[in-house]
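A.B. asks: Spelled out from the first residue to the last, the chains are:
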Amino acid sequence: KNEVEQSPQNLTAQEGEFITINCSYSVGISALHWLQQHPGGGIVSLFMLSSGKKKHGRLIATINIQEKHSSLHITASHPRDSAVYICAAAFNSGGSNYKLTFGKGTLLTVNP
Amino acid sequence: GAVVSQHPSRVICKSGTSVKIECRSLDFQATTMFWYRQFPKQSLMLMATSNEGSKATYEQGVEKDKFLINHASLTLSTLTVTSAHPEDSSFYICSATEGPGAYEQYFGPGTRLTVT
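From first to last, the protein sequence lines stand for chains A and B.
The numbering of the first sequence is the working numbering, which starts it at 1 and goes up by one.
The numbering of the second sequence is the working numbering, which starts it at 1 and goes up by one.
Quick caveat, the hints were computed from the structure, so don't treat them as lab data.
Predicted model, so just to flag it, every value in this text is computed and none were measured.
Just so you know, not all the hints are guaranteed correct.
Here are the simulated DSS-like cross-link-like pairs (lysine-lysine), alpha carbons at most 30 Å apart as the crow flies [as the list claims (entries may be wrong)]:
#1 B:55 with A:54
#2 B:41 with A:104
#3 A:104 with A:53
#4 B:66 with B:55
#5 A:99 with A:68
#6 A:99 with B:41
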């Protein structure tokens, strides 16, 4: 069964702190997404990665295929980073099709 | 980057009526579109996968006669919630990929449906 586990479920930080959100998945995947969802619901895709590490501004995403684990890091966190962060694993669903299985999300609150 | 739009962003309808939600890829051709539903404080759940020009594939437990999906062109998919009931109130999100075998999904902003 394709399962995606995220931790922590809730995270409160002070502005400027380094943030880490973790994601583990149960079986082999083709790619892993990190998504951001603000209040109001709209989803923004932050990263898609299948190996190694990616960086965009203050955000860094890493993935370890052998350990079936990915992390999202936020450096110098800011109140505007407050959102729900979701990891989603792309599993092959047959042929050339892929489906995403989502973690439950991590609610990040960054206080000024 | 690839942009996906949804319309409407919010809709309130009466119980028993039908509601259509549109999902458009604005600057790319979307061979495959996905429809998700998200209840409050829960994760997104895939409802169905729709490939242009063919019938949608529904996930287990999703009623295909209640949630009608049409993907008639490479830039437009529609989800119609028929005979809506209050329990259908949810946040509906679509996503699209550019081609078969593409991992990256581009998400729409979502549609909040409230059935009274």
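A.B. asks: Give a verdict on every hint.
C.D. replies: Hint check:
With a CA separation close to 36 Å, the supplied pair residue 55 (chain B) and residue 54 (chain A) exceeds the 30 Å bound. Restraint check for residue 41 (chain B) and residue 104 (chain A): satisfied, since their Cα atoms lie roughly 9 Å apart, inside the 30 Å limit. Straight-line distance between C-alpha atoms of residue 104 (chain A) and residue 53 (chain A) comes to about 23 Å, which keeps the hinted pair within the 30 Å bound. The suggested pairing of residue 66 (chain B) with residue 55 (chain B) holds, with an alpha-carbon distance near 15 Å, which does not exceed 30 Å.
Distance check on the hinted pair: residue 99 (chain A) and residue 68 (chain A) sit about 17 Å apart at the alpha-carbon level, within 30 Å; holds. Annotation: proposed proximity of residue 99 (chain A) to residue 41 (chain B) holds, straight-line Cα distance about 21 Å (limit 30 Å).
In summary, the structure is inconsistent with hint 1 from the numbered list given earlier, while agreeing with all the others.
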